[in-house]
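Build the full structure now, drawing on both the sequences and the hints.
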Amino acid sequence: MTNDDTMIAMLERQAARRRDRRSFFRVAGSAAVAAGGLSLLTACNGNDGTTPVPAPSPTPTPTATPASTDQKILNFALNLEYLEASFYAYAVYGEGLSSGNMMGTGTQGTVTGGRQVNFTDPLVAQYAREIAQDEVEHVNFLRAALGSAAVAIPSIDISASGAFTAAARAAGVVDANTTFDPYASDENFLLGAYIFEDVGVTAYKGAAPLITNATYLDAAAGILAAEAYHAGLVRTVLYRKGIDASALITAANKISDARDSLDGASDDDQGLTIMANGQTMANIVPTDSNGIAFSRTVEQVHNIAYLTANAASKGGFFPNGTNNPDPAFTMSGDSSTY
Amino acid sequence: MNDTSQQLVDALDARAERRNSRRDFFRNALGAAAVAGMGMSALGWSSSAAAADVTDADVLNFALNLEYLEAQFYAYATTGAGLPQSMLGGQGTQGQVTPGHAVPFSDPAVRSYAMEIAGDELAHVNFLRTALGSAAIAMPALDLGYGPNSAFSVAARAAGLIGANQAFDPYANDENFLLGAFIFEDVGVTAYHGGATLLTNKTYLEAAAGILAVEAYHAAIVRTTLYAKGMDTASLLTAADAISNARDSLDGASDDDQGISPVSVNGGTASNIVPLDSNGLAYERTSQQVHNIAYLTPDAASKGGFFPNGTNNPNSALTVSGDSSTY
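The listed protein sequences correspond, in order, to chains Z and D.
Each residue of the first sequence is one higher than the one before, counting from 1 in the numbering used here.
Each residue of the second sequence is one higher than the one before, counting from 1 in the numbering used here.
Take these hints with a grain of salt, some might be off.
[Claimed, not checked] Restricting the straight-line Cα-Cα distance to at most 30 Å, the calculated cross-link-like pairs of lysine-lysine (BS3-like) are:
1. K254(Z) / K241(Z)
2. K314(Z) / K254(Z)
3. K229(D) / K254(Z)
4. K241(Z) / K229(D)
Since the hints were derived computationally from the structure, they do not count as laboratory data.
Spelled out as structure tokens, the structure:
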């Protein structure tokens, strides 16, 4: 193959990988750049429109400072970090977060079903320990940043028989009568991690432009990067192991498709491989045709977390819903509308 | 120790081993000092120009310089040829590339990663050029060569990987290619992180956040692959650590870089794929710090290293490295 052929192959590969992707410029670029901000806000304005009016209080009581948009967004993120930190902490240590790290506003829930993974590949054990630490730090960081406004941990289902199996069955990774246990092996653990990591990236990216305080924005960008590193780690390891065990890549690609079908018609997810020029190529990084990572709205993230394509206030990994001072930030949407 | 909860409470202490002397986010930026801390860091991003003077186009052009560098490196590594001329014109003086050559990949996975990253970086150049339109800068002169006087060799020498008259060829084999990529990738993450909060247009901000994420995915591919290969070839770990240390010494006293050698966390061995501070946040670098690394100098300079004639930017404050002894 000549150099030119290789360059063409690379470009075709890019095209194959990203066919039918939404065009940034079609949506938001050129003359419509300023208006592009509107589409970002729409995701939130829709929520604001449903924000319940506070019930009148019979007696004048000291009014708590209303939660700012930034606090709602950081609390939205904190729910996801509780989920991730609990999953990795159980996988690595067999225990969840310390009790001091779970209290806050709203109803504190319980975490069901996590357990320690008996890792066989020492590298996977080392990766898991690293990520567990990072996610615990994210919980600590967000709780400290929010102070007394931090929400309590909601009820979380990370049991093998519960949300993970429901997700794996929906994706077709296991059949309707089979349990998917993310703690059973290195491979299952990696697939369990895969379910979360790219979603975290899209959640932080979708929320970043909504944050008004530049310090929080800076911090959110730092967590976004950390989640992308994690996702890149998990995807690289799955791809590498999948070279000898192709079922792993098939499973990961199915999970990606399932996420993509839960959160509406928009194409904002990608598996580990693509076909280009008759070759199977790595696709470690899920990106649009501009080489940019995808975004998800608060509602889309909840579609995946609740494992439903419909409007709902709870389900899946959050049996009682996520905690947030603004109920609009706890809802999945009707994904047929987006 | 059987109280795992306590181990997790002690997480930050354990992390100190990995991430000691990190700047304390809360000390600098939260609480009563939040606004002041934020304003100062924004100014620090471009100390010779008030933050308000840095336009979105300046920030995107700053990023475009880095994307030209990355895209050309991966294009040469995967194809033996550079980007098409149609992608190189623009404002300022268009430069030449001291070229690289195609890597004779032996591990098909590494070749596949390289192809993917090459495509992404090409897309980033296209995206930024389209977003900037007529304001896009031309590609500056780039040194992607592999002789003993090349920027790669100077960088490798500064890191102690090669001797005085030796050459570091990042295109020679899989391992050297990964180390060459390692030189760039984490820097891209810190540059986008530092620049993101300066963007005023929310659409550009979201796009920059999306590129930031992609650079972090890339960095993770490179670091994870080096780490895994380093289990059989320990010199890869020490080489990556040395490059990280060199970056960290070029850009001032602030600790904003980490190698990949394993660390101890809560009494067990953990990898260090993700360079983070004690809050689990990725680092950021100012424009001047990024130029310290790109120009391979701890001093104030307007050119050098990978950019022999400097980077292109209508805002000259965003083309210089700083005196790193002052930060």
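Do the hints match the structure? See the list:
1. Between K254(Z) and K241(Z) the alpha-carbon distance is near 16 Å, which keeps this suggested pair within the 30 Å criterion.
2. Of the supplied pair hints, the one linking K314(Z) and K254(Z) holds, its CA atoms being roughly 24 Å apart against a limit of 30 Å.
3. Among the hinted pairs, K229(D) with K254(Z) is consistent with the structure: their alpha-carbon atoms are about 29 Å apart, no more than 30 Å.
4. At roughly 14 Å between alpha-carbon atoms, K241(Z) and K229(D) fall within 30 Å of each other, so this suggested pair holds.
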